Amino acid sequence: MFCIGCIISAVVECKNEGTKQAKIVETIFRSIDKGCEEVSNEAASNIARGSKNPSGYLMDALGNLSVDDYKTIAEYFRNQVVVLIKENERNNVRDTLILMIQETQEIADETVVDVVNGICKADLSDEVDLSSFLAGIFLYALKNTKNNIGGSAKKLTMEYLERVKKGEKPVKGKKVFKEEIKDSKQELGYSRFDYQSRETDQLKERTEQEALSFCRKYAEEKEYIALCQVAFITNPARVHHRDIYNEFCEQTNSTRNRILEISEVDKMKVSGERWWDKYLDMFKMDYVNYGLGSESYQYSFSQYFPGLLEYGGRHVSDFTRRFLVPKIITPTMKNFSQNYEFDVAGLIDEYVYYRDDEKYSNLLEPPMDFLWRELDFGRCSKFMITSFLALFIIGTCQGIPIPKDAGNKSFAFSGVCVSELETAEDLFYQTLLTLYEKYEVCE
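Quick note: the sequence shown, position 418, residue 418 per the working numbering, numbers continuous.
Treat the hints as calculated values from the structure; they're not laboratory data.
Note that the coordinates shown come from a computational prediction; the quantities given were computed from them, not determined experimentally.
Heads up, some of the hints might be wrong.
Quick list of the computed label-pair ranges, beta carbon to beta carbon [as the list claims (entries may be wrong)]:
# : residue 1 : residue 2 : range
1 : 215       : 302       : 35 to 43 Å
2 : 295       : 18        : 56 to 64 Å
3 : 310       : 122       : 33 to 41 Å
4 : 80        : 296       : 52 to 60 Å
5 : 209       : 150       : 17 to 25 Å
6 : 380       : 340       : 22 to 30 Å
7 : 23        : 384       : 20 to 28 Å
Think of the CB as a built atom: it goes at the ideal place given N, C-alpha and C, for glycine as much as any other residue.
All chains, please: the whole structure from these sequences, using the hints.
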């Protein structure tokens, strides 16, 4: 199957001595994403082998391109990419890729695969300019193919390159030059804008297909799609424990947005690596205003909570269960159960609800003081305290009253129910989502 891994592998196999694979990937990606950061050796290898899709940032940059940008990109390939290939190997790179495309059954003969020159698969010719050809098929592959094909791209490319070096050439179709294509389109009533419109329609159709495919694949984890958005905003390049986060981050911007629409998840309007800091500060103000614990413990939220993500796939079920005995047992509670227990959110809810009630206030202890003493936060593991701090933040956001003048009084927190969260990364992203929904949406 033809993909961008095949293009990169062909260039890598014919590169100048001393040129690193990561440098080639980085250079090619910068043809459309000028801000592309340095690519690691591992990431470059995954892309060249066809085991990983490129980052969402690259796909976002692709979505911002128009046909008018193609000439500039082709010139970039001439000056920055082709020079990385040995002069005596450049024809081999071109012929290898043409042969691969011609023998890829998933691509129809009439499909325009060189989008820079406007050449369809059936009309590919070894007379095409290498720079614009590479640019054209790179843009096509990036838009229309997946690069997670099981790591076979490099092996497949090597097989085709060996055939070319043994003398096999791609079957020549009709020799079509750019001027001829332009004339034929004009004769048929096409214009550059028609071509761009068709591309736009194809992109929309592909976006819809990819979004539906994603939603079907993860139908049993649909409640995590809200957390996928948080993961992308916060750590798009992170290798997550949960596959749904990784795959969501690899989608194009348009596909991600469509997934959110299909899943009825509101799009978050935040940016920056620590976008949630301001909400954490607002939480700490409520911590003080509601007397939820000694102010001496307030520092722990900024110092320890961000470290929760370090524990990635570690399970948090020991912390999310109900194990706290309520201080106040009402007659109504007795009717439901003789062994009533709280989780952390329940502990906070009890305190907030009864703290101003003279009948019960003397029975209560600020929840953070209670947890710090009862669970020995001063000497417990960092994983334990970071998990409980996250649960305390969620419980506070859900337990303190929503302002009377809030625009959405029927608001309900989204994401995953705390009792169903499985890992540290789930809990971390759910906490960030809860902070956002409490202090951005409610306030």
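Here is how each hint holds up against the structure:
Distance hint check: the CB atoms of residue 215 and residue 302 are about 37 Å apart, consistent with the given range 35 to 43 Å. Look at residue 295 against residue 18: about 60 Å separates their beta carbons, and that is inside 56 to 64 Å. For residue 310 and residue 122, the Cβ-Cβ distance of about 53 Å falls outside the hinted range of 33 to 41 Å, so the restraint is violated. Against the hinted window of 52 to 60 Å, the Cβ-Cβ separation of residue 80 and residue 296 comes to about 57 Å, which satisfies the hint.
Evaluation of the 17 to 25 Å hint for residue 209 and residue 150 yields a pass: the beta carbon distance comes to about 20 Å. Between residue 380 and residue 340 the beta carbons are some 26 Å apart, a value that agrees with the proposed interval 22 to 30 Å. Between residue 23 and residue 384 the beta carbon distance is about 44 Å. The supplied range of 20 to 28 Å is therefore violated.
When the structure is compared with the earlier hints, violations turn up for hints 3 and 7 and for no others.
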